[in-house]
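Novice: Listed below are the residues making up each chain.
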Amino acid sequence: DTGVSQDPRHKITKRGQNVTFRCDPISEHNRLYWYRQTLGQGPEFLTYFQNEAQLEKSRLLSDRFSAERPKGSFSTLEIQRTEQGDSAMYLCASSLDPGQGRNEQYFGPGTRLTVT
Amino acid sequence: SQQGEEDPQALSIQEGENATMNCSYKTSINNLQWYRQNSGRGLVHLILIRSNEREKHSGRLRVTLDTSKKSSSLLITASRAADTASYFCATDAWNNDMRFGAGTRLTVKP
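In the order they appear, the protein sequences are chains P and V. Read in order, the letters of the first sequence are residues 491 to 606 in this note's numbering. Read in order, the letters of the second sequence are residues 459 to 568 in this note's numbering.
Hints in this document: simulated from the structure, not taken from any laboratory. C-beta atoms are modelled at their ideal positions from N, C-alpha and C, and glycine is treated no differently. Honestly, I wouldn't trust all of these hints.
[To be verified] Below, a list of computed lysine-lysine pairs in the DSSO-like style, where the Cα atoms sit at most 27 Å apart: (1) P:Lys501 <-> V:Lys527; (2) V:Lys514 <-> V:Lys484; (3) P:Lys501 <-> P:Lys547; (4) V:Lys484 <-> V:Lys527; (5) P:Lys547 <-> V:Lys514; (6) P:Lys561 <-> P:Lys501.
[Said to hold, decoys possible] The following label-pair restraints were derived from C-beta to C-beta distances: (7) V:Asn476 <-> P:Gln570: 31 to 37 Å; (8) V:Ser509 <-> P:Arg512: 33 to 39 Å; (9) P:Glu558 <-> V:Ser486: 28 to 34 Å; (10) V:Gly517 <-> P:Arg554: 40 to 46 Å; (11) V:Gly517 <-> P:Thr528: 26 to 32 Å.
Just chain P, with the same shape it has in the complex (with noise of 0.2 Å):
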């Protein structure tokens, strides 16, 4: 297993549109997290998943986001009716159950989104 792969590394879109991004995890990873970034910050944690159950969810979180982990594996993070405000590095990470003493996260390259 190579690490945290994400796709697209890059998106597009007009405001109003639709997106979808994938987060393909480590394979023996149960955990899940996708966060944002923009540009001079750190990044902003929106959700994370314990195999294929949303455990929290950021309160910052617009009700246009949505993410899923259908079977404990890939996930993918939607953002419907986009704004520019939605611009930024979407980051997937993921870890071990914590519970087993390490929860080091392992991050994929991002996705870029830009909204014009």
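Given chain P, put chain V in place with the hints provided.
Specialist: Below, chain V alone, put in the same frame as chain P:
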């Protein structure tokens, strides 16, 4: 919302010098982690220190944690040009989601 705050926001040093970055946080934590991010790329995990640990080493990295002051520091010794990157601390609270600071931008001049 972000919890950790790194200080300084930017740091410029000469190759061979040591670089020290600080992180302060607000709430109780389970552990604290440091990550590096090269320009436009994903984050790479550097080191994790648990709340019951005070100091940890990994190669040229030294991390300290003072839970009474809610602060941590990352020391990079004998810096190299390849260390040029942004460095983030991330706090892992007992609910197991992580909060990142805004980062310190380190520039190491050859």
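Novice: Taking the hints in turn, state whether each one holds.
Specialist: Here's how the hints hold up against the structure:
| no. | hint | verdict |
| --- | --- | --- |
| 1 | P:Lys501 <-> V:Lys527 | 42 Å, violated |
| 2 | V:Lys514 <-> V:Lys484 | 21 Å, holds |
| 3 | P:Lys501 <-> P:Lys547 | 23 Å, holds |
| 4 | V:Lys484 <-> V:Lys527 | 9 Å, holds |
| 5 | P:Lys547 <-> V:Lys514 | 32 Å, violated |
| 6 | P:Lys561 <-> P:Lys501 | 25 Å, holds |
| 7 | V:Asn476 <-> P:Gln570: 31 to 37 Å | 48 Å, violated |
| 8 | V:Ser509 <-> P:Arg512: 33 to 39 Å | 35 Å, holds |
| 9 | P:Glu558 <-> V:Ser486: 28 to 34 Å | 32 Å, holds |
| 10 | V:Gly517 <-> P:Arg554: 40 to 46 Å | 43 Å, holds |
| 11 | V:Gly517 <-> P:Thr528: 26 to 32 Å | 31 Å, holds |
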